[in-house]
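Modelling step: build the complete structure from the supplied sequences, incorporating the hints.
Take 1 as the starting number for the sequence shown in my numbering and just add one per residue.
Accuracy of the hints is not assured; some may be wrong.
Stated by the list, open to error - Once the Cα atoms are required to be at most 16 Å apart in a straight line, the calculated EDC-like pairs of lysine to aspartate or glutamate come out as:
no. : residue 1 : residue 2
1   : K88       : E111
2   : K68       : E42
3   : K68       : E97
4   : K24       : E42
Calculated from the structure, these hints are not laboratory results. Here the structure is a predicted model, which is why all the values come from computation and not from measurement.
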Amino acid sequence: PVLMEADPKAEYAAVIDINLDELKEPVLALPNDPDASALLSEVQGSHIDEVFIGSCMTNIGHFRAAGKLLNKLEKPIPTRLWIAPPTKMDEAQLVEEGYYSIFGSAGARTEMPGCSLCMGNQARVAPGCTV
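Right under this line is the structure:
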């Protein structure tokens, strides 16, 4: 694979610089809009009906970390869990490493890789639920 590089002559509508040293806690994506987000402390203690792990912005490490946590459980989690890796290559690797088995044992629903719940593709969460 060859990584893409920015065109040095390109004109951008905006340049957004984010100092990652200023992020002191995880930032969570919120449902129905890829631009919606909140700090973990802002949603701590909230009731959650459904959980979605996926999008084009995730990497295989996120799924491995989730699998390691889920593998410690003695029973399925009490919420609906959706899993959608960003690529077929990631999906194949996770299957080979046994993570899809862990997801299934935890009661997760695995979706086709690629754009998914973020954009309203493939499936829908239940009306009125908190994701």
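Do the hints match the structure? See the list:
The straight-line distance between the Cα atoms of K88 and E111 is roughly 11 Å, inside the 16 Å bound, and the hint therefore holds. Distance hint between K68 and E42 is unfulfilled; the C-alpha atoms sit about 25 Å from each other, more than 16 Å. For the given pair, K68 sits about 12 Å from E97 by alpha-carbon distance, which is consistent with the 16 Å threshold. Taking the CA atoms of K24 and E42, the gap is near 13 Å; set against the 16 Å cutoff, the hint holds.
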